[in-house]
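Residue numbers (my numbering), protein chains in the order written: chain A, 1 to 343; chain B, 1 to 343.
Hints are computed from structural coordinates only; laboratory data are not their basis.
Heads up, none of these hints are tricks.
In this list, chains with the same sequence are indistinguishable; a pair is considered to hold if it fits within one copy or across any two.
DSSO-like mimics (lysine-lysine), calculated; alpha carbons at most 30 Å apart, straight line: (1) K191 - K84; (2) K74 - K84; (3) K95 - K191; (4) K16 - K191; (5) K191 - K74; (6) K191 - K83; (7) K95 - K84.
Number of protein chains: 2
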Amino acid sequence: MTDSSFIAVDAMGGDKGLAVMLAGVARARHRFPDMRFLLVGDETAIREGLQSHPNLTANSEIVHAPEVVGSSEKAGVALRRAKKTSMGIAIDMVKQGRAGAAVSSGNTGALMAMAKLSLRMLPGIDRPALAAMLPTLGDNDVVVLDLGANTECDARNLIQFAVMGAAYARTNMDLASPRVALLNIGSEDQKGTDEIRDAAAALREATHLPLTFTGFIEGDRLSRGEVDVIVCDGFSGNIALKTAEGTARFVADLLKRAFRSSIRSKIGFLISKPATELLRHHLDPNIHNGAVFLGLNGIVVKSHGGATELGVATAIAAAAKMVRDDLTRRISEDLGNFEAKVA
Amino acid sequence: MTDSSFIAVDAMGGDKGLAVMLAGVARARHRFPDMRFLLVGDETAIREGLQSHPNLTANSEIVHAPEVVGSSEKAGVALRRAKKTSMGIAIDMVKQGRAGAAVSSGNTGALMAMAKLSLRMLPGIDRPALAAMLPTLGDNDVVVLDLGANTECDARNLIQFAVMGAAYARTNMDLASPRVALLNIGSEDQKGTDEIRDAAAALREATHLPLTFTGFIEGDRLSRGEVDVIVCDGFSGNIALKTAEGTARFVADLLKRAFRSSIRSKIGFLISKPATELLRHHLDPNIHNGAVFLGLNGIVVKSHGGATELGVATAIAAAAKMVRDDLTRRISEDLGNFEAKVA
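Generate coordinates for the entire structure from the input sequences, incorporating the hints supplied.
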């Protein structure tokens, strides 16, 4: 039996260090007072760090890990010493049933490799996919997957991602039949690669699934709020996600420059500060932090390497919600239905 | 001998119709008073349209074309009636040497297919690539290619794109040795597909080329102004370009919303209007309009389907500059040097 009241946190991963991880956990605890934490990492350092968070001490246990995965360490190298690292041990807590989810801000490739090897795939899934929620102009965020776990994907992978992404959207956004689209370079049927066209053909047929397949979507419509799930291979997804992040920052930088261009603009900026703060809030990646590896026997959440205290808390909150919603079981059920119908 | 004082314009292509195309040509003529135009399309309609542009009449000739390529027509279908369409005849003007370049706002796939079949590839080039200049935070724009002409590319294609993109950057931005990067999902050597890693290995060796290969670049750094040329397959390039466009619009829409959120914000907006206008100007796609198919025996410029009068003028100005700079010859020379050294 999994103890779903615990979340295992890789306390050592991430660019900002232990102090930010612990501050993020403490912040998450305020939102989920019943949630308890397994803090995985160097015992002495964590014990020392906890002195700044007396409230956290009662709600957490320390699990010692002597080693840390490097931020640019190759996945294969990290994998060989998984059992000694804070990342590997955090995942192992999920495998052992001591935690409902693991959260790490460390190296994505290593996290994926360790999670896959330790937790294994759900029946019917060939590969896990990294999924995240992105902001839109609509009422809901949009689930995008895969964001980089799989550089190349065949039609079967894409179809599985569609089913998993839809299950995630149903669970996370309470949608009965999420609108699912495939990312492509045009909206016409003949556009794109064979893999994408084959996946589209299969999804068009799969009317028994709890999702509404809407066809192809292009990169310029990702944030329009027209669909709930966008499916792509990990290469395109990573390019799209990072281009969106970079462009948002680019526009914000241009805006800053423009506001500094004259005294008049500076005054206008000061007066409209609440408006630009609203924008900043909406675009803050820390408010949308927490990508999840879908398709595994357990929940593993990837927090951004540069996540702040708020970002870490958001990722933990996302993990807590997935545990509470029993996401893994929901995905399994949808997959079972899909396999049963196509078999 | 090519008459490089003429530009052939597909007067019928584009979502906004003949009137906008002609207004764009007239606007371009103001910038290049020596430039003359072959206006290709329905003779009666063009003659009628020219009544609004008396100054243009003296600088242009009408070339009648009875048919128009549809905006969602399949390339194969359009190709069969190329010789009757305004797009096909505009390209044929370049082939016949009656114009130095062709410009069309029509269907990209058809334009690419017709240009390739009619003009043929430069020696040493397997496939053309669609290249455009994107705005950055740096002093220069950045050349990005391929933007959608080739859904899948091997290492050899990517290397050729790098050489062609660098020649374009040298010509267009007067750079001696443009900084060239490959778009990838990480900056470490082992990241990405085999094609990208193989292309990187070859470009690292190619120190005799007039370019500086800087390695991999991720989607979040496209607009930072750190490189002059970004090379990718047409699928990723299209996703990146459109995601950047969509995100810029998304942020602008959020900003508009934010400014409308209170009286105070509205006042701030009015005061800082010069600043936001500056931003709008910088992001206006019509100011960056005009993608070019590199690798052909001749210059073919693709103007955005929704280009305004300003956009059309920008695309024509870009074509005029390429003709003046003798871009095709410059690319041929660089390719010759590259082939000579690797052979």
